[in-house]
Each structure stands twice: as structure tokens, then as C-alpha cells.
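Enquirer: Sequence:
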Amino acid sequence: MKRNYSQKNVGILGGGQLARMLVLKGHELGLRMHVLSEHEDDPAAQVTRYWHKGSLNNKKSLISFLKNVDVTTFESEFLDAQLLQSISKEHQFQIFPRPHLMARLQDRLNQKLLLKKHSMLTSEFIEWKTDLTWENLSQYSKDGIVIKTRRFGYDGYGTFIVKSSKDYESFIKHAEENEHGYIIEPFIHFKRELSLICARNKMGQFIHFPLAESFQKDARCFWVKGPVKHSLEKDLIKRCHRFLNSINYVGVMGIELFDNGKEILVNELAPRVHNTGHHSLDSLTYDQFTYHLLCLVSADLPLPELVAPGFAMVNLLGENTKNPSWEIPAKAQIYWYGKEQNRPGRKMGHINSIANNPKAALNQALKALKEFSL
6 MKRNYSQKNV GILGGGQLAR MLVLKGHELG LRMHVLSEHE DDPAAQVTRY WHKGSLNNKK
66 SLISFLKNVD VTTFESEFLD AQLLQSISKE HQFQIFPRPH LMARLQDRLN QKLLLKKHSM
126 LTSEFIEWKT DLTWENLSQY SKDGIVIKTR RFGYDGYGTF IVKSSKDYES FIKHAEENEH
186 GYIIEPFIHF KRELSLICAR NKMGQFIHFP LAESFQKDAR CFWVKGPVKH SLEKDLIKRC
246 HRFLNSINYV GVMGIELFDN GKEILVNELA PRVHNTGHHS LDSLTYDQFT YHLLCLVSAD
306 LPLPELVAPG FAMVNLLGEN TKNPSWEIPA KAQIYWYGKE QNRPGRKMGH INSIANNPKA
366 ALNQALKALK EFSL
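Using the numbering used here, the first residue of the sequence shown is number 6, and each one after it goes up by one.
To be clear, the hints were calculated from the coordinates, so they are not data collected in a lab.
All values derive from a computational prediction rather than experimental measurement.
Worth double-checking, as some hints may not be accurate.
Said to hold, decoys possible - With beta-carbon atoms standing in for the labels, derived distance ranges: (1) Pro307 - Lys178: 44 to 54 Å; (2) Val312 - Gln12: 25 to 35 Å; (3) Thr290 - Asn62: 34 to 44 Å; (4) Lys171 - Gly35: 52 to 62 Å; (5) Lys58 - Glu310: 37 to 47 Å; (6) Ser330 - Gln97: 42 to 52 Å; (7) His44 - Gln221: 26 to 36 Å; (8) Asn250 - Glu324: 38 to 48 Å; (9) Glu129 - Asn62: 26 to 36 Å.
Claimed, not checked - With a cut-off of at most 25 Å between alpha-carbon atoms, the simulated BS3-like pairs for lysine-lysine come out as follows: (10) Lys344 - Lys372; (11) Lys267 - Lys364; (12) Lys178 - Lys153; (13) Lys72 - Lys94; (14) Lys178 - Lys134; (15) Lys222 - Lys344.
Heads up, the beta-carbon is just placed ideally off N, CA and C, and yes, glycines get one too.
Make the full structure from the sequences, and use the hints.
Expert: In C-alpha cells form, the structure reads like this:
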């Protein structure tokens, strides 16, 4: 891989675990990794000398930060996209994925409309309106509905599963608290959840990872394993490639999927590095963080190759507020995020494992999990 981008200044908006892993991989590429966040003990701030204190929603802080870097990305799509779009246009800052695209993708209704426009298979959907009654909605889907906040929902937050008038009444009590509105989808009986990680650079080069299966626990990703073989995989990849080209996307994208036994439906898009791609730190010749950075600096994208027939990732989720403790497990790699506070459900780190098949890799990772007291 020819390198002509070393010493470039790359900025990351946000200081969490995704930013931390981007920074660490950026060091390996010879990049100067800058982080904008509010606290010096944030996970990403701990691993770079170029930490900048500031608010992600403050125009003055953003402009000051962006003037110090050549190109910028973000670890969460839930930023003020309109502000970033305005600043980027005014000062000609290089921000990827592009703020105007981020503005469309961070709204679930607009994201669904974009998927439909570009022939991406996804579930049916309607916008929630205050005059919709349970009688109306029960006709829309006999198996129940899923109501999601249009913006700022993640890891199950802002999602309501509604299967009765009582459930709907409970939702209505919370509906007025959300100024961003809601989207309604039919409840889907899926066999399994899948994930596809893709990357595209400015020159239009496209790569994808092997299809992976994910499992949720309490609405949070618990484990990932792969590779998954599926008869519709080639068609899915073609559609995703065409979609990223059509929207001129730059960077890594996580595509969350439902396998209902007949089709693979797109559930949601994440315009950034994704939790279900963490396995790539050990399972592939190049990982998702490296690919995202290569996209930012307009470098060639080498093809990813599996280093073992099976891989798995298990999230380390906090269970209480005590200080975590663990023994170093065998046949597994630990990634600790350096978070100061432990709390139930918080992603504190993850475990990767590779083996001769996906099931064996997952068993190794789950065995390693038993060494942790979270």
C-alpha cells in the first residue's frame, strides 16, 4: 500500500470509543489525529497529543478546530448537520461524510425515502401523525408496529414496539416530549439480523466486508459472528455499491439488515464506522477504522482478506457502577475503551476472537467474557 498521505492532519468530532479506535489506527498510518471533545479524559482524548477542548455544537469551537486540520470526520451522526453544512460551505472545510448527506441520513424518515429512491430493499413506513388512532394502525400491520423517533435514537432509545391499544396509549404519553417526530414501520418477524460494512473513497473505489450476523441483548448489540453465507449476498452488495455511488458517499458505512427468510431488508444506515465492524481489527487484513481514514485522505483501498475462516466479537457491557476487573483470557483479544464511569448497558470495551468457523469463534469470545466482572 503506497503511502503519500502521512503527516496529514485529520480531525474527529467527538471523543468516544469510535474516535479512540480511529485515532489509534491513524497513528499507524502516520497521520496527525486531532480530536474535538469536552473532556480531557474522553476515550479518544487519552490517546492523542492533539486534543482540542470544545463543544461539538458551538460554531466558534468548530471553526477553530476545523482550521487546524486538513480533513474532518465524526464518530456520531447526531451532530448539528445544518451548522456543519453552513460552516463547511462558508470556509470550504473538507468534512466526510458530507454534512448535507449526514443531514438526510440522521433523520429516519428522510433516510427511508432515500433508500426507496435508490431501490434499496427496506420495510414499508409512514410518518406518525397525531390524528392516527390505534384502529388505523392495527389495519396497517396485523402483527403490530414499531415506532421510532426520527432523530437521535440509538441502542433502542426512542423505539416503541406497539402491539395493542394499551401499548399505543403508553406511547402517546411520551410522544409530545419529542420535537423531532416519529416514523412507523410494520413489525418484522426476522430470522436473524445481519450487517454489511462498506467503504467508498472519493475516487469511487468500493470495498465491503464479509456479511456478518449480529445479536441484540436489551436493544444493544451483544455479539457478532461471521462470515455469513447467503444466496442474496451478491445482489445485496451490488445494490449497496450502486447506492453509495449514487449518493457520492465517502467513508465507511454500517448497513444494518433484517433477514426474513425471503429477502434481506435494510433496517438502518450508520454513516460511520460501526459496532458490528469491530471484529475487523483481528479478522481481516485491514480494519474498518483504517478504511475510513484511507477514504478521508483519498488513498487507494486494498481488498480486505479474511485471516481465519471464522470470527466473532462480543461487546463488554457494563452491569453496575463498580470498577470492572478481569483476567486476561486465552484465544481472544481485548479492546478496552478507557471510560471513566461504568454503568449498566454502557459499552466499556469488546472482545474479538478468530477460529476455524464462526461458531467456534463466538464460543471462544463468550468464554472470554466470563473472565470479566462488569
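Enquirer: Now, for every hint given, state plainly whether the structure supports it.
Expert: Outcome of the hint check:
1. Pro307 - Lys178: 44 to 54 Å: Given about 52 Å between the Cβ atoms, the range holds.
2. Val312 - Gln12: 25 to 35 Å: This hint holds: roughly 29 Å between Cβ atoms.
3. Thr290 - Asn62: 34 to 44 Å: holds (38 Å)
4. Lys171 - Gly35: 52 to 62 Å: holds (59 Å)
5. Lys58 - Glu310: 37 to 47 Å: holds (40 Å)
6. Ser330 - Gln97: 42 to 52 Å: Holds: the Cβ-Cβ distance is about 49 Å, inside 42 to 52 Å.
7. His44 - Gln221: 26 to 36 Å: holds (29 Å)
8. Asn250 - Glu324: 38 to 48 Å: This hint holds: roughly 43 Å between Cβ atoms.
9. Glu129 - Asn62: 26 to 36 Å: 34 Å Cβ-Cβ, so the 26 to 36 Å window holds.
10. Lys344 - Lys372: Cα-Cα ~23 Å, so holds.
11. Lys267 - Lys364: With a Cα-Cα distance of about 24 Å, the restraint between lysine 267 and lysine 364 holds, given a limit of 25 Å.
12. Lys178 - Lys153: Judged against 25 Å, a Cα distance of about 15 Å means the pair holds.
13. Lys72 - Lys94: OK: lysine 72 and lysine 94 at ~13 Å, within 25 Å.
14. Lys178 - Lys134: holds (14 Å)
15. Lys222 - Lys344: Judged against 25 Å, a Cα distance of about 21 Å means the pair holds.
Violated hints are absent here; each numbered hint is respected by the structure.
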